[in-house]
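Asks: Go by the hints and put chain F onto chain X.
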Amino acid sequence: GIQVEQSPPDLILQEGANSTLRCNFSDSVNNLQWFHQNPWGQLINLFYIPSGTKQNGRLSATTVATERYSLLYISSSQTTDSGVYFCAVALGNMLTFGGGTRLMVKP
Amino acid sequence: DTEVTQTPKHLVMGMTNKKSLKCEQHMGHRAMYWYKQKAKKPPELMFVYSYEKLSINESVPSRFSPECPNSSLLNLHLHALQPEDSALYLCASSPQGSIQPQHFGDGTRLSIL
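Residue numbers (this note's numbering), protein chains in the order written: chain X, 1 to 107; chain F, 1001 to 1113.
The following block holds chain X by itself, in its conformation from the complex:
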């Protein structure tokens, strides 16, 4: 099956710092999504981005499908950004998740 790798696995930031999370995938995909899972387990859709660049407030994402990677950029981080960030790719109806990046933002 398709392999999805995220880096870094863990990240600690001071409030206000910027960061870039990376997602590499092993095959062509139809769909790529970024999620934020908060400490209560809620999986929140951040971006649906099979290709191109999108921005939503302090977050932006870029997917280069031909090179099989996606980046999630967090600017001016806040403590509420803490949690686990997952990218997930779809082949057919199957969504495969990467291992996640665990982010802690310190005040």
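A portion of the hints provided could be inaccurate.
[Claimed, not checked] No more than 30 Å apart at the CA atoms, straight line, and that leaves these computed lysine-lysine pairs for DSBU-like: (1) Lys-54(X) / Lys-1041(F); (2) Lys-106(X) / Lys-1038(F); (3) Lys-1040(F) / Lys-54(X); (4) Lys-1040(F) / Lys-106(X); (5) Lys-1041(F) / Lys-106(X).
[What the hints assert, rightly or not] Under 10 Å between C-beta atoms, here's a sample of chain F residues computed to sit facing chain X: (6) Gly-1028; (7) Ala-1031; (8) Tyr-1033; (9) Tyr-1035; (10) Gln-1037; (11) Lys-1040; (12) Pro-1043; (13) Ser-1050; (14) Ile-1056; (15) Ala-1092; (16) His-1103.
Everything labelled a hint here was simulated from the structure, so no lab data went into it.
Built from N, CA and C at the ideal position, the CB exists for glycine as well.
Replies: Same frame as chain X, now just chain F:
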């Protein structure tokens, strides 16, 4: 994603009990999914329903039995579970097809005693 509603939020059950997890969406989506997530791991796909028919079963043990009574509802019937089945169970839906994004419910946190 609060457009997909899961009940109950928490469930504690013994190994001999029978219980059901419920998932509901009213977005007109025609594909629905069950995922299992263990602590500190990513969600893993269990089942996919497409137009109310089971299309994917990821070799899930028969003690988990999915059911899709109509296009808005998805159930997961549980029977004779093991302690290692304790996990967060997530439901998702999508319009249909792999090019559409999936929307997740808040999950049911299941503990098996």
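Asks: If a hint holds in the structure, say so; if it does not, say that too.
Replies: Status of the hints after comparison with the structure:
1. Lys-54(X) / Lys-1041(F): It holds: about 27 Å lies between the C-alpha atoms, which stays within 30 Å.
2. Lys-106(X) / Lys-1038(F): 26 Å, holds
3. Lys-1040(F) / Lys-54(X): 28 Å, holds
4. Lys-1040(F) / Lys-106(X): 20 Å, holds
5. Lys-1041(F) / Lys-106(X): Given that 30 Å is the threshold and the Cα spacing comes to 23 Å, the pair holds.
6. Gly-1028: Cβ of Gly-1028(F) sits 17 Å from chain X, so the hint is violated.
7. Ala-1031: 6 Å, holds
8. Tyr-1033: 7 Å, holds
9. Tyr-1035: 8 Å, holds
10. Gln-1037: 8 Å, holds
11. Lys-1040: 8 Å, holds
12. Pro-1043: 6 Å, holds
13. Ser-1050: Holds - the Cβ of Ser-1050(F) comes within 10 Å of chain X, reaching about 7 Å at its closest.
14. Ile-1056: Where the cut-off is 10 Å and the nearest Cβ of chain X is about 6 Å from Ile-1056(F), the hint holds.
15. Ala-1092: 8 Å, holds
16. His-1103: 6 Å, holds
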